[in-house]
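Novice: This is what each chain is made of:
4 protein chains.
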Amino acid sequence: MSLFRSRPTLVSHTSRQLLITYRHHPSSQKMSFRDYSNLETPASCYVDFCLVPVGTGNVSVANEVADVQRVLKASGLKYTMHSAGTTVEGSWDEVMKVVGQAHAIVHQGGVKRVQTSMRVGTRTDKKQTAEDKVKRVEGILSGDQSPA
Amino acid sequence: MSLFRSRPTLVSHTSRQLLITYRHHPSSQKMSFRDYSNLETPASCYVDFCLVPVGTGNVSVANEVADVQRVLKASGLKYTMHSAGTTVEGSWDEVMKVVGQAHAIVHQGGVKRVQTSMRVGTRTDKKQTAEDKVKRVEGILSGDQSPA
Amino acid sequence: MSLFRSRPTLVSHTSRQLLITYRHHPSSQKMSFRDYSNLETPASCYVDFCLVPVGTGNVSVANEVADVQRVLKASGLKYTMHSAGTTVEGSWDEVMKVVGQAHAIVHQGGVKRVQTSMRVGTRTDKKQTAEDKVKRVEGILSGDQSPA
Amino acid sequence: MSLFRSRPTLVSHTSRQLLITYRHHPSSQKMSFRDYSNLETPASCYVDFCLVPVGTGNVSVANEVADVQRVLKASGLKYTMHSAGTTVEGSWDEVMKVVGQAHAIVHQGGVKRVQTSMRVGTRTDKKQTAEDKVKRVEGILSGDQSPA
Chain A
1 MSLFRSRPTL VSHTSRQLLI TYRHHPSSQK MSFRDYSNLE TPASCYVDFC
51 LVPVGTGNVS VANEVADVQR VLKASGLKYT MHSAGTTVEG SWDEVMKVVG
101 QAHAIVHQGG VKRVQTSMRV GTRTDKKQTA EDKVKRVEGI LSGDQSPA
Chain B
1 MSLFRSRPTL VSHTSRQLLI TYRHHPSSQK MSFRDYSNLE TPASCYVDFC
51 LVPVGTGNVS VANEVADVQR VLKASGLKYT MHSAGTTVEG SWDEVMKVVG
101 QAHAIVHQGG VKRVQTSMRV GTRTDKKQTA EDKVKRVEGI LSGDQSPA
Chain C
1 MSLFRSRPTL VSHTSRQLLI TYRHHPSSQK MSFRDYSNLE TPASCYVDFC
51 LVPVGTGNVS VANEVADVQR VLKASGLKYT MHSAGTTVEG SWDEVMKVVG
101 QAHAIVHQGG VKRVQTSMRV GTRTDKKQTA EDKVKRVEGI LSGDQSPA
Chain D
1 MSLFRSRPTL VSHTSRQLLI TYRHHPSSQK MSFRDYSNLE TPASCYVDFC
51 LVPVGTGNVS VANEVADVQR VLKASGLKYT MHSAGTTVEG SWDEVMKVVG
101 QAHAIVHQGG VKRVQTSMRV GTRTDKKQTA EDKVKRVEGI LSGDQSPA
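Residue numbers (UniProt numbering), protein chains in the order written: chain A, 1 to 148; chain B, 1 to 148; chain C, 1 to 148; chain D, 1 to 148.
Think of the hints as simulated: they come from the structure by calculation, not from any bench. All values reported here derive from a predicted model rather than from experimental measurement. C-beta atoms are modelled at their ideal positions from N, C-alpha and C, and glycine is treated no differently. Please note that the accuracy of each hint is not assured.
Said to hold, decoys possible - Not everything, but these chain B residues come out facing chain A in the computed CB check (under 7 Å):
1. TYR36
2. PRO42
3. LEU77
4. THR80
5. MET81
6. TRP92
7. HIS103
8. GLN115
9. ARG123
Claimed, not checked - According to the in silico footprint, chain B covers these stretches of chain D (three or more CB under 8 Å from chain B):
10. 46-56
11. 65-71
12. 92-104
Claimed, not checked - BS3-like cross-link-like pairs, simulated, lysine-lysine; straight-line CA separation at most 30 Å:
13. A:LYS126 / A:LYS78
14. A:LYS112 / C:LYS126
15. A:LYS112 / C:LYS127
16. A:LYS127 / B:LYS78
17. D:LYS78 / C:LYS126
18. B:LYS78 / D:LYS78
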């Protein structure tokens, strides 16, 4: 990740030139492929996900959601459950692993099919926590409350 | 699976006690952690994702989507682009890695923030490809078209 | 809606028979089409949505999110903002109208492209508020906290 | 739009004061409500949605998806089914109505709970069809395929 972090605009220009070049030179196509395999997943992300067990014959999904919360708790990652999903913060690989384990624990419970809707956000300009995002908007809206 | 099924409420209570206990006894912490850390992510899944670069000052996202398609091609995974996203099939870890690399390549292109919407499906009853799913529905609908 | 409510399983069976019939009788195809236009949208739903302005040249989306919160407030509908979106409750038509107005207000602010990710849930077995859903899961998890 | 742009911070403060004031003065409530209630939903949008019936006891969702396709066909809107959802194009109100009817038809079939994941896109700079979007990206990628 530090590699990726240590080469911002300049190298992204370089990699674009490579991509253009390889259109004319198969050899550089290999280079661009090697480049992709070296691509590291983001060092931090947030994922908001809503997992739905399919084919359970039970309209309630609360037991499966509770199982998922236990997996999240055991992961040691920062997470928050809300009424329409759960938000998890961590490195891309950590967060995606725990969501995959959430599918696994629900399958272990006997559910044959699991469908999840996810929102994933990454940014390179700064670290921003879930709280930061809400506070930022509430700060703007707080002006609406100010006396005339 | 059957094991898990054969120990319903009672043992789930027990495991809850472990979760409590571990706050005081590292030994049982290991137990509960081992339980979840042994959970493997699904061996196969499909992911349909739509990646949006944020803050680019460019209304078009076609260049970023093209970069993502190049990363997908290099991955060797089976994928299909449609007008509202791209569907990828493979193991959970493979697919999540390539989507993370898709974020990385877009960041390398100079985009500071990337937001992706994903649908993820896993099932344990059978393998079903993207084509299978469409054919299944078209098969049902084909009856609607049949001559009187 | 009361109509739809007042004809549960029986008429859904009837409509299935119509669908089958029309495969053989074009006349009943018309019926099934009329049937669809009579279909009312759900009387209640929840929508959790995350709106992203595209092409603004600004990495922060807080101002747009604040505009959206003002539209939601003016709607009189019940809503809650969290770090990864906002959950709104109401009739299908009311909720979808306000989300459309959220797109409109952001466009009015000069954003040429808006992309939103939504989760929508409807159920006919009972009314369940956002709070109910969280409490239900927390109730299950509270057992995890109980003394051994 | 230009109007809105020509009244930046100052008037947005004023409208904030109106929002406060209206809590005490129904008259100004009308004003602020008129402001938002006059907001029209977008004249065109695309929606890509994936509907999941919950609690059916049937792992397959093909019958419900087929019902949804019939509702879409009857709507007269332009739509395309793919393996991970269906993309529909039309005005905001038309598209949201048909997705609501999709929930309704699945409920009529006896499904008590329906969960849908949606991506919604609107833009004011130009009309772009689903085909346009795919062609645009394929055009960029076609350069990658060109012989050396």
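Novice: It remains to establish, for every hint, whether it holds in the given structure.
Specialist: Hints versus structure:
1. TYR36: Holds - the Cβ of B:TYR36 comes within 7 Å of chain A, reaching about 4 Å at its closest.
2. PRO42: holds (5 Å)
3. LEU77: violated (12 Å)
4. THR80: Not OK, violated: B:THR80 not within 7 Å of chain A, min 18 Å.
5. MET81: Status violated, d = 17 Å.
6. TRP92: This interface hint holds because 4 Å falls under the 7 Å limit.
7. HIS103: holds (5 Å)
8. GLN115: Since chain A brings a Cβ to about 5 Å from B:GLN115, closer than 7 Å, the hint holds.
9. ARG123: Holds, because the Cβ-Cβ distance from B:ARG123 to chain A comes to roughly 4 Å (cut-off 7 Å).
10. 46-56: holds (count 3)
11. 65-71: Per the Cβ count (4), the hint holds.
12. 92-104: Not satisfied, violated; 0 residues make the cut.
13. A:LYS126 / A:LYS78: holds (18 Å)
14. A:LYS112 / C:LYS126: holds (25 Å)
15. A:LYS112 / C:LYS127: Holds - the C-alpha atoms of C:LYS127 and A:LYS112 are around 27 Å apart, at most 30 Å.
16. A:LYS127 / B:LYS78: Violated, at roughly 33 Å.
17. D:LYS78 / C:LYS126: Given that 30 Å is the threshold and the Cα spacing comes to 34 Å, the pair is violated.
18. B:LYS78 / D:LYS78: Holds - the C-alpha atoms of D:LYS78 and B:LYS78 are around 27 Å apart, at most 30 Å.
Hints 3, 4, 5, 12, 16 and 17 from the earlier list are contradicted by this structure; the remaining hints agree with it.
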